[in-house]
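Chemist: Protein chains in written order, with my numbering: chain A, 63 to 325; chain B, 63 to 325; chain C, 105 to 368; chain D, 105 to 368.
Do not take every clue at face value.
Stated by the list, open to error - So the derived list for chain D, only partly shown, Cβ under 7 angstroms to chain C, looks like this:
1) I218
2) P219
3) A238
4) Y244
5) Y249
6) A251
7) L359
8) G360
9) D363
10) F364
11) A365
No lab work stands behind these hints: they were computed from the structure. Just so it is clear, CB atoms sit at the ideal spot from N, CA and C, and this is done for glycine as well.
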Amino acid sequence: MTASRGEIADLMVVALARMVVAGDVVGVGLGTPIALVAALVARHTTQHGVHVLAGGALDVNGGVESHLRDPRDQLSLTPGFVPHLDSMDMAERQAMTLQFLRPAQIDRFGNLNTSRIGVRSAPTARFSGGLATADVTALLPRVIAYHPDHRPRSLPAQVDWITGSGRGWAGNTRKAAGTVAVVTDLAVIEFVERRGRVKSIHPWSNASTVVENTGFDLSLSEDAPPTPAPTSDEVETLDLVDPRRRRDEEVPDRAGRGGKAPS
Amino acid sequence: MTASRGEIADLMVVALARMVVAGDVVGVGLGTPIALVAALVARHTTQHGVHVLAGGALDVNGGVESHLRDPRDQLSLTPGFVPHLDSMDMAERQAMTLQFLRPAQIDRFGNLNTSRIGVRSAPTARFSGGLATADVTALLPRVIAYHPDHRPRSLPAQVDWITGSGRGWAGNTRKAAGTVAVVTDLAVIEFVERRGRVKSIHPWSNASTVVENTGFDLSLSEDAPPTPAPTSDEVETLDLVDPRRRRDEEVPDRAGRGGKAPS
Amino acid sequence: MKLVDASRAADTVHDGDTVYFGGTVLDRKPMELTRALIRAGRRDLDAVTFAGSLEIELLVAAGSVRSVAAAYVGLGRFGPAPRFVAGVKAGMFDDLEYSEWSLLGRLRAASMGIPFLPTRAGTGSDTLAIHDFASVADPYSGDTYVALPPLQPDITLLHAWRAGPGGHVQIAFPPQHLWDIDVLAARAADRVIVGVDQIVSEEVIASIPEHTRLFGFEVDMVVELPGGSWPTSSPPEHDVDEGAIGAYVSSGGELGTLDFARPS
Amino acid sequence: MKLVDASRAADTVHDGDTVYFGGTVLDRKPMELTRALIRAGRRDLDAVTFAGSLEIELLVAAGSVRSVAAAYVGLGRFGPAPRFVAGVKAGMFDDLEYSEWSLLGRLRAASMGIPFLPTRAGTGSDTLAIHDFASVADPYSGDTYVALPPLQPDITLLHAWRAGPGGHVQIAFPPQHLWDIDVLAARAADRVIVGVDQIVSEEVIASIPEHTRLFGFEVDMVVELPGGSWPTSSPPEHDVDEGAIGAYVSSGGELGTLDFARPS
Numbered sequence: 063m064t065a066s067r068g069e070i071a072d073l074m075v076v077a078l079a080r081m082v083v084a085g086d087v088v089g090v091g092l093g094t095p096i097a098l099v100a101a102l103v104a105r106h107t108t109q110h111g112v113h114v115l116a117g118g119a120l121d122v123n124g125g126v127e128s129h130l131r132d133p134r135d136q137l138s139l140t141p142g143f144v145p146h147l148d149s150m151d152m153a154e155r156q157a158m159t160l161q162f163l164r165p166a167q168i169d170r171f172g173n174l175n176t177s178r179i180g181v182r183s184a185p186t187a188r189f190s191g192g193l194a195t196a197d198v199t200a201l202l203p204r205v206i207a208y209h210p211d212h213r214p215r216s217l218p219a220q221v222d223w224i225t226g227s228g229r230g231w232a233g234n235t236r237k238a239a240g241t242v243a244v245v246t247d248l249a250v251i252e253f254v255e256r257r258g259r260v261k262s263i264h265p266w267s268n269a270s271t272v273v274e275n276t277g278f279d280l281s282l283s284e285d286a287p288p289t290p291a292p293t294s295d296e297v298e299t300l301d302l303v304d305p306r307r308r309r310d311e312e313v314p315d316r317a318g319r320g321g322k323a324p325s
Numbered sequence: 063m064t065a066s067r068g069e070i071a072d073l074m075v076v077a078l079a080r081m082v083v084a085g086d087v088v089g090v091g092l093g094t095p096i097a098l099v100a101a102l103v104a105r106h107t108t109q110h111g112v113h114v115l116a117g118g119a120l121d122v123n124g125g126v127e128s129h130l131r132d133p134r135d136q137l138s139l140t141p142g143f144v145p146h147l148d149s150m151d152m153a154e155r156q157a158m159t160l161q162f163l164r165p166a167q168i169d170r171f172g173n174l175n176t177s178r179i180g181v182r183s184a185p186t187a188r189f190s191g192g193l194a195t196a197d198v199t200a201l202l203p204r205v206i207a208y209h210p211d212h213r214p215r216s217l218p219a220q221v222d223w224i225t226g227s228g229r230g231w232a233g234n235t236r237k238a239a240g241t242v243a244v245v246t247d248l249a250v251i252e253f254v255e256r257r258g259r260v261k262s263i264h265p266w267s268n269a270s271t272v273v274e275n276t277g278f279d280l281s282l283s284e285d286a287p288p289t290p291a292p293t294s295d296e297v298e299t300l301d302l303v304d305p306r307r308r309r310d311e312e313v314p315d316r317a318g319r320g321g322k323a324p325s
Numbered sequence: 105m106k107l108v109d110a111s112r113a114a115d116t117v118h119d120g121d122t123v124y125f126g127g128t129v130l131d132r133k134p135m136e137l138t139r140a141l142i143r144a145g146r147r148d149l150d151a152v153t154f155a156g157s158l159e160i161e162l163l164v165a166a167g168s169v170r171s172v173a174a175a176y177v178g179l180g181r182f183g184p185a186p187r188f189v190a191g192v193k194a195g196m197f198d199d200l201e202y203s204e205w206s207l208l209g210r211l212r213a214a215s216m217g218i219p220f221l222p223t224r225a226g227t228g229s230d231t232l233a234i235h236d237f238a239s240v241a242d243p244y245s246g247d248t249y250v251a252l253p254p255l256q257p258d259i260t261l262l263h264a265w266r267a268g269p270g271g272h273v274q275i276a277f278p279p280q281h282l283w284d285i286d287v288l289a290a291r292a293a294d295r296v297i298v299g300v301d302q303i304v305s306e307e308v309i310a311s312i313p314e315h316t317r318l319f320g321f322e323v324d325m326v327v328e329l330p331g332g333s334w335p336t337s338s339p340p341e342h343d344v345d346e347g348a349i350g351a352y353v354s355s356g357g358e359l360g361t362l363d364f365a366r367p368s
Numbered sequence: 105m106k107l108v109d110a111s112r113a114a115d116t117v118h119d120g121d122t123v124y125f126g127g128t129v130l131d132r133k134p135m136e137l138t139r140a141l142i143r144a145g146r147r148d149l150d151a152v153t154f155a156g157s158l159e160i161e162l163l164v165a166a167g168s169v170r171s172v173a174a175a176y177v178g179l180g181r182f183g184p185a186p187r188f189v190a191g192v193k194a195g196m197f198d199d200l201e202y203s204e205w206s207l208l209g210r211l212r213a214a215s216m217g218i219p220f221l222p223t224r225a226g227t228g229s230d231t232l233a234i235h236d237f238a239s240v241a242d243p244y245s246g247d248t249y250v251a252l253p254p255l256q257p258d259i260t261l262l263h264a265w266r267a268g269p270g271g272h273v274q275i276a277f278p279p280q281h282l283w284d285i286d287v288l289a290a291r292a293a294d295r296v297i298v299g300v301d302q303i304v305s306e307e308v309i310a311s312i313p314e315h316t317r318l319f320g321f322e323v324d325m326v327v328e329l330p331g332g333s334w335p336t337s338s339p340p341e342h343d344v345d346e347g348a349i350g351a352y353v354s355s356g357g358e359l360g361t362l363d364f365a366r367p368s
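Let the sequences and hints guide you as you build the complete structure.
Modeler: Listed below in structure tokens is the structure:
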């Protein structure tokens, strides 16, 4: 069984959106359309007060396209603009509660790498940088990662570089859970007591494919359920908030995902 | 020789204004017209870049009356409004350099009392409170006090309550000189090495009157000069920035100041 | 939907709570919310305000406070606050004077979500010494600084221009001097109740998004209270009612002069 | 009077200075001021920017930097910054990656005039460990926090909409996302140079005072540079020049594509 780019994007988005709870204030970073669409779907499908802060504007009417616009074109579409330092304060005092992050690598502890492969003085790859990755994992109540290309080098036993720690913050106040889950193109994995546990497996995958493509040991029961397909409500909401399918841009363009060889 | 309320206000204002130097950014607090007029006179008589921040607006065109207006009536008269927290940051990083303060009492160390007479749990007098008095003395490069009723209870050996310390801040960075001078209705007194030194005596006063009315020992040479009368430029500027003589409001309404009995 | 009436809002405040009162001196004081607290019989409140005036007079007169924490309490150009001063002299409540920056710095630490704010503000003063804050050594220079701990009021009460049903709060342009302290005190607090002169639709809010100063997720309850700051100001709706405050002062603090009258 | 030309401004920057480059990703980059630094032959600069793009490309190509400190370097929707990536791989300069809050928190400590900012941001990450910041114990809870030391650039370079001769700087309404980081970096710095699309009279500045974001006493020099951020954006004057940046990327980083051309 294989899945199209669009099917992968849709299921990843709804799997992320389903982890949003009433009262969440979701911060969305730069250049991560799946995160943005997931937050907007959650805002539409959750009854009580989910807010989305993206690009310095809150809850912009009109879906993804409106959120990506210049502020000049958001006037009359948003209740307000949030200066960046104010949004950082919201994160640190946990008025913001959740962020979706897209790392290059994520390991068994939920550590995230968005920086480099190899050593800092002479890396073999240098990504554009983690922005707030290191911060939100220690500041927000929870962070959820996603990765649209689940393979051992994306989910290694240990990331090449810890841009953001998966561990969170365990101090006396304002506890942060760190990276609580990762949604991939194959499965939904939760991090519980510093161990990855398969929560559900996408319909086009199976337990052995997930295990083969993961670089660390997973806790996986034989009867891990399939990730439920998007409901008709979710499909409708996807069409509403992302009619141009920006969410597909983050999924690698391949023939399909079923039965790929580990690499 | 006696002086009128207006003469006292004028000389106090120009004595304060003369201590402003090029590049000073003067913060002015609530309800202190002498401080405001002095800052504005300095802005007009100093060649290079003195700025006045009062009531949240910078360098409002039109003198004292404009500065005391509602922000609605300052549009097109000011280059900009400064949120209060920004102005506190300007103070702490010393982009603001000077403030004039009007305490109820000032002692030999330049300590300022704007809080109370007597003990905190049952004072005999409670003033409205010091606002930033305790802060600016430790934050700004310098603070200059003024008191329009120079008598022993106003300038005691020791204030009843240290609302703001005259000592400033002597750390490794951003040194603050504390209270560097006080201008009264009788004289100009500088604080040098934690001791009051008479810099000049107003024309209607004399050395013995100053000493009798001061509750602490003063360093005073026989030839302490008279405080120079307002120059014609200064008089012109006073008329320009404070035509309604708001500055007189802070001077006690008495027959005159010459030869009063200490109390 | 965050809209409630004043008595419902007052029910969520408990005896012994730390309550921040918004507004500064004679501007934007949450007078009607304060009256609602008093009507509800709240006691032993720890009142906090940057610059208090008539709301403190009401609270002192009603015996509602066990402490008043402020950098200023007075009536601005109308002089001292008579009941506050009398209460302090009589030792009716704890007079927790703050320096401006100690109070704002504590609120700021709370709004920033940091454990403390290091500062040199207030050093050497008796006003700082009241509070017995810890000190902290700068690990870089070795110098000793005041460590201001966060101050998170149980509740912050504000009066503002207008809000939508979702709780987005707008302040009229150009905002009054010291407006940002209201926003700070809201962001520092555990819960926030805002009385507004007008409830408007979300479309109206979105028509001038640049004047939204608090967002729905930062506000717990909104109460429609036209003139709720009277006799203090609330732009653009009304200025300070100088006649009413003058009558209060000249009567020596007669409470009847402050009974709510919707400004015309 | 703070008006100077770009070469005079560049003369005040010295080899080895720490220089903050304003703007974020493809918005408001001080491109022409950067070109002036390169023309002046400045070397060994410690470049700092929150989110760098083409200005970093120019500096790397000219060999002007000994370090690049940033939370992001890339070309946004156009992908990686080729010369920066190649320079990092070749070890041409010290790649001082920052987490967002570590960098902004350091600037904030400087702009607030405090000795350090305690935070839990960044804890546990290798990106934080690069910087070897001190830690500090919260005197209240005993918990250990990162103590971010102030970062005071020797100079901050910005590109903005307009300024008056006195140095008051305005940003067009509504400001772009992340505009406030420019203001922060200016307030943190020892000296500030701002290139603007327009010089206007003080009367024009006062006509919309609410859009003044930096005040004359916070700005050392103003340079009239119409289009000085090209090919990055400068609202309301011009958008990102997608053609020019596309040409730069598709040519594999051909510098000629970035030679200044005033946008039409």
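Chemist: Now tell me, hint by hint, if it's right for this structure.
Modeler: For each hint, the structure was consulted:
Against a cut-off of 7 angstroms between C-beta atoms, the interface hint on I218/D holds, since the closest Cβ of chain C lies about 5 angstroms away. A hinted interface residue such as P219/D counts as satisfied when its beta carbon comes closer than 7 angstroms to some beta carbon of chain C; here the least separation is about 4 angstroms, so the hint holds. Against a cut-off of 7 angstroms between C-beta atoms, the interface hint on A238/D holds, since the closest Cβ of chain C lies about 4 angstroms away. A least Cβ separation of about 5 angstroms between Y244/D and chain C falls short of the 7 angstroms threshold, and the interface hint therefore holds.
Taken as an interface hint, Y249/D checks out: its beta carbon lies about 6 angstroms from the nearest beta carbon of chain C, inside 7 angstroms. Of the supplied interface hints, the one on A251/D holds, with its beta-carbon coming within about 5 angstroms of a beta-carbon of chain C, less than 7 angstroms. The closest approach between the C-beta of L359/D and any C-beta of chain C is roughly 40 angstroms, which is over the 7 angstroms cut-off, so the hint fails. Residue-level restraint check for G360/D is violated (minimum Cβ-Cβ distance to chain C is 41 angstroms; threshold 7 angstroms).
Hint on D363/D is violated. Least Cβ distance to chain C is approximately 37 angstroms, over the 7 angstroms limit. The interface hint given for F364/D is broken, as the beta carbon of that residue sits about 33 angstroms from the closest beta carbon of chain C, more than 7 angstroms. Because the beta carbon of A365/D sits about 33 angstroms from the nearest beta carbon in chain C, more than 7 angstroms, this interface hint is broken.
In this structure, the earlier hints numbered 7, 8, 9, 10 and 11 are contradicted, and the remaining ones agree with it.
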